[in-house]
Amino acid sequence: MTAVRQALWILLIALLPAFFASAFHPKRPAWSEDALKPGEERLGTVQSWGDSVLWVDARSRKEFDTEHIPNAVLLNLEEWDQLFPAFLDRWQPNQKVVVYCSSLACHMSEEVADRLKRNSVEPVYVLKGGWEAWKSKQ
Amino acid sequence: MRFIPFLFVLLTAPVFGQLKWENPEQSFLPKAQDKQVVARFRFTNVGTMPVTINDVHTSCGCTTAALQKKQYAPGESGEIDAAFQIAGRTGHQEKAIYVTTSSALLNPTVLRLKVDIPEAFTIEPQLVMWRVGEAPQPKTIRIAVSDEYPGKIVSVEPDNQSVKLDLREIHPGKELEVKVTPQGTTQAAAATLLIRTNYPPANPETHYAYARVK
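If you read the protein sequences in the order shown, they are chains C and S.
Those letters in the first sequence? Residues 2 to 139, per our numbering, in order.
Those letters in the second sequence? Residues 3 to 216, per our numbering, in order.
In case anyone wonders, no lab produced these hints; they're calculated from the structure.
Note that the coordinates shown come from a computational prediction; the quantities given were computed from them, not determined experimentally.
Where is the CB? At the ideal position from N, CA and C, for every residue including glycine.
It is possible that some hints are incorrect.
Claimed, not checked - To give a feel for the contact side, a few chain C residues facing chain S, derived at Cβ under 8 Å:
(1) P39
(2) E41
(3) T67
(4) L78
(5) E79
(6) W81
(7) L89
(8) P94
(9) S103
(10) M109
(11) S121
Please take these sequences and the hints and turn them into a complete structure.
Have a look at this one:
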């Protein structure tokens with residue numbers, strides 16, 4: 002009985018930090034799919050739109066050069082003036098534009114999407130989970 | 003019951019070693035020409051055990067955080083320098099820096115950097131566009147510089163003849179309205195508007211707006 006009681010104590014002790022980690026850790030996995038923010042789309046939805054989507058990579062040039070979604074165009078705020086003309090060359094009116102950055106934690110994709118919308122580039126979406134979401138499905 | 007002390011150690015670790023932050027939330031009002039903002043977050047280990055900083059990460063690639071060393075003895079102070087790159091951003095910005103320490107592995111400290119960036123140069127919109135076949139009606143771009151901006155707009159001109167510009171100065175050198183009219187919309191065309199300033203004198207800035215027929 003002592004062994005059982007000790008095993009239960011070990012379980013209880015292990016459960017406490019596990020509970021706090023699942024409730025409060027900034028990198029905790031989601032228990033369920035988070036709701037989408039306005040203008041956000043999940044990877045599955047974007048992929049269902051087919052090849053006509055124009056992917057916009059809002060990360061740094063270094064990250065883009067390392068790896069990016071095939072056919073994505075680089076467009077970030079740091080080099081906006083240099084990169085925006087190349088985006089315009091690729092973009093067609095009414096083409097769906099999907100912007101991504103590194104992960105759930107980054108906001109660069111939202112900033113780039115806002116700036117595109119201010120220039121009447123529509124429709125523009127943000128990929129939920131960014132590059133990490135895309136990479137995890139490869 | 004011999005496990006109770008382990009439980010005690012686990013739950014009370016933060017009491018024996020913990021960092022006290024002087025100013026975990028900082029606000030900045032940079033000038034229009036500033037390239038970056040650097041926030042210095044100072045801390046002291048006010049516990050009785052050494053503290054190791056296991057991880058420092060930021061909410062944005064635009065912010066980097068530098069730490070001098072990882073381990074801090076009781077009573078020892080240190081600092082994290084967080085540099086936020088302004089490049090291209092305007093308005094209110096909030097960035098977070100997450101610090102995970104050995105004394106609070108499950109509960110990272112969140113440092114906050116709030117920056118209100120004045121808009122030195124406004125071009126709204128930066129793109130005017132006509133569809134092929136659309137009536138070639140003029141479209142307006144408003145260009146303005148803030149009072150803080152030390153220079154003036156000295157010229158606006160297209161890089162080719164596919165568009166015609168009609169300039170109206172609202173405040174000389176500081177605010178302009180530019181009506182852009184394509185020469186035709188029967189086929190695709192592209193022009194870049196070069197907005198030249200006289201600042202800085204040694205190498206004056208040029209800003210850009212774009213006209214497209216697509």
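To see whether the hints hold, each was checked on the structure:
{"no.": "1", "hint": "P39", "result": "violated, 18 Å"}
{"no.": "2", "hint": "E41", "result": "violated, 17 Å"}
{"no.": "3", "hint": "T67", "result": "violated, 13 Å"}
{"no.": "4", "hint": "L78", "result": "holds, 3 Å"}
{"no.": "5", "hint": "E79", "result": "holds, 4 Å"}
{"no.": "6", "hint": "W81", "result": "holds, 5 Å"}
{"no.": "7", "hint": "L89", "result": "holds, 6 Å"}
{"no.": "8", "hint": "P94", "result": "holds, 5 Å"}
{"no.": "9", "hint": "S103", "result": "holds, 7 Å"}
{"no.": "10", "hint": "M109", "result": "holds, 6 Å"}
{"no.": "11", "hint": "S121", "result": "holds, 6 Å"}
When the structure is compared with the earlier hints, violations turn up for hints 1, 2, 3 and for no others.
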